Amino acid sequence: MPTSGRSSSVFSTTSVGCDQQLGMSSHSLVLPDKGVWINRLSDKAPHPLDMHMDGIRDRSDESFRAVYGVLANDLLSFAFGMVSDRRTAEDIVQQAFVELVRSAHKIRGDGRSLRAWLFRSVRYGCMDEYRRRSRRPEIPHDEIPDAPLDLDPLADHLDPSLEGALAGLSKRQRTAVVLRHVLDMSGDEIANVLGTTRRAAYAVLSRAEANLRAALGGEE
Amino acid sequence: MSRQFPELDQARVVVSSEVRERHQAAIARALYLGQYPRIRRIRLLAVGLAVLLVIPVMALASDRAVPGDFLYPVKRAFEPVFVLFDTDVVEQHRVEEVEDLFDRQVAVELIRDHITVARSAVPLQDTRLSSRVDIIEFELDQIHSVDGAETTDQASATERPKVTTRPDEPPFSETTTTRPAEGSDRGSGTGTTTVDDKAPRGRDGG
Numbered sequence: 074m075p076t077s078g079r080s081s082s083v084f085s086t087t088s089v090g091c092d093q094q095l096g097m098s099s100h101s102l103v104l105p106d107k108g109v110w111i112n113r114l115s116d117k118a119p120h121p122l123d124m125h126m127d128g129i130r131d132r133s134d135e136s137f138r139a140v141y142g143v144l145a146n147d148l149l150s151f152a153f154g155m156v157s158d159r160r161t162a163e164d165i166v167q168q169a170f171v172e173l174v175r176s177a178h179k180i181r182g183d184g185r186s187l188r189a190w191l192f193r194s195v196r197y198g199c200m201d202e203y204r205r206r207s208r209r210p211e212i213p214h215d216e217i218p219d220a221p222l223d224l225d226p227l228a229d230h231l232d233p234s235l236e237g238a239l240a241g242l243s244k245r246q247r248t249a250v251v252l253r254h255v256l257d258m259s260g261d262e263i264a265n266v267l268g269t270t271r272r273a274a275y276a277v278l279s280r281a282e283a284n285l286r287a288a289l290g291g292e293e
Numbered sequence: 239m240s241r242q243f244p245e246l247d248q249a250r251v252v253v254s255s256e257v258r259e260r261h262q263a264a265i266a267r268a269l270y271l272g273q274y275p276r277i278r279r280i281r282l283l284a285v286g287l288a289v290l291l292v293i294p295v296m297a298l299a300s301d302r303a304v305p306g307d308f309l310y311p312v313k314r315a316f317e318p319v320f321v322l323f324d325t326d327v328v329e330q331h332r333v334e335e336v337e338d339l340f341d342r343q344v345a346v347e348l349i350r351d352h353i354t355v356a357r358s359a360v361p362l363q364d365t366r367l368s369s370r371v372d373i374i375e376f377e378l379d380q381i382h383s384v385d386g387a388e389t390t391d392q393a394s395a396t397e398r399p400k401v402t403t404r405p406d407e408p409p410f411s412e413t414t415t416t417r418p419a420e421g422s423d424r425g426s427g428t429g430t431t432t433v434d435d436k437a438p439r440g441r442d443g444g
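Chains Z and S, in that order, are what the protein sequence lines are. Oh and the first sequence: position 205 is 278 in the numbering used here, straight run, nothing missing. Oh and the second sequence: position 161 is 399 in the numbering used here, straight run, nothing missing.
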């Protein structure tokens, strides 16, 4: 399940002492052998999903429907921006919620943590899709249009020029760009999804923007 | 809307109603399945498969069971199911059991008891089955009248017992084929007649 790979916590991060580095006044809880769970946002305003956390842990159908209603569009947009195929993106989002059901009893934290958990789950689903596509190489042929092999002709997909520019980014850069410029996520939220620090997330984002600008600007 | 990259706005999509329903159905199914942990589901499936496999095997294995066999209760338990496919399966089973008991040469009382059970199961008008029971009963009577044996393993209808007396003479157990020892008391003869014509000289001698 979505973790940084360095901790067994569902919401694991790698930034021990991050709040000291950034000088943020954030809530932090040190869990022995579980890494550090940090609510990175400094504001203590309740999240719309906070009221559904207990229902999620209890596997309440009503709570899952409510969470789906709040996050489905954002998750689908994120997946679509990552895989450029709407049908595949829908399947990835569905799988993320199914995984949430299976992991419901292990869910900790508040609504923000749950949101980050779902975005990480979608991101891992997109990574799996990339690996699946890499195992099926394209066969160049003069009579076949120059298009990715796995695109479903009946599903929406991104403009080929945009897809080409995004394909030139690394997976982490593409994630940062989509989260920032499609979903307007903050640096903290992007760091939560990437499983890194806020500073590292901004570094990735900066490089991604520069590369994307060059790719899109070069095609004009 | 992104000011730096307006091209990315096309990635901003909305879930259609059809997709929403499909997703909700998948979530509901996952919630339902989540009530039963995977291991428990596997165990239930394994038990179900074992039951489905064992039942027909036991039904087939118990087909030739007779009273006293380990699977005989299983055979009787499955008969209501077999009746659905063959209405006179109960009568056939009872008759076959009588025949099998006779072939196995079990105690006569057991065979006769089961003949009674078979006759109560077989309708009087079913001459085909009742005649088979009659045959077994007749053979039992024949065996019992020959040597008075209490078990069929001492004699059979097809084999004549190795008797040393004629049928109208005293029972087999009262005869002897041994010769009196020489020099024994002459007056202590058993007074029997044997098929052995070699009589001790002492007996006929004087």
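No lab work stands behind these hints, which were simulated from the structure alone. Being a predicted model, the structure only gives us computed values, none of them experimental. Please note that the accuracy of each hint is not assured.
Away from chain Z, derived, C-beta distances all over 10 angstroms, residues of chain S [claimed, not checked]:
#, residue
1, G272
2, R278
3, L298
4, F308
5, L322
6, E329
7, S368
Among the chain Z residues that face chain S by a calculated CB cut under 10 angstroms, a handful are [unchecked claim]:
#, residue
8, Y197
9, D201
10, L256
Covered, in the sense of this in silico footprint (three residues per stretch, anywhere, with C-beta under 8 angstroms from a C-beta of chain Z), are these stretches of chain S [unchecked claim]:
#, region
11, 247-258
12, 262-271
Every residue gets a Cβ at the ideal spot worked out from N, C-alpha and C, and that includes glycine.
Hint check:
1. G272: violated (6 angstroms)
2. R278: Its Cβ never comes within 10 angstroms of chain Z, the nearest being 14 angstroms, so this holds.
3. L298: holds (42 angstroms)
4. F308: S:F308 clear of chain Z: closest Cβ-Cβ about 46 angstroms, beyond 10 angstroms.
5. L322: Given a closest Cβ separation of 43 angstroms, the condition holds.
6. E329: Holds: least Cβ distance 57 angstroms, greater than 10 angstroms.
7. S368: holds (66 angstroms)
8. Y197: The hint is violated - Z:Y197 has no Cβ within 10 angstroms of chain S, the shortest such distance being about 17 angstroms.
9. D201: Violated, because the Cβ-Cβ distance from Z:D201 to chain S comes to roughly 17 angstroms (cut-off 10 angstroms).
10. L256: holds (8 angstroms)
11. 247-258: holds (count 9)
12. 262-271: Contact hint for the region 262-271 of chain S vs chain Z: holds, 6 residues under 8 angstroms.
In this structure, the earlier hints numbered 1, 8, 9 are contradicted, and the remaining ones agree with it.
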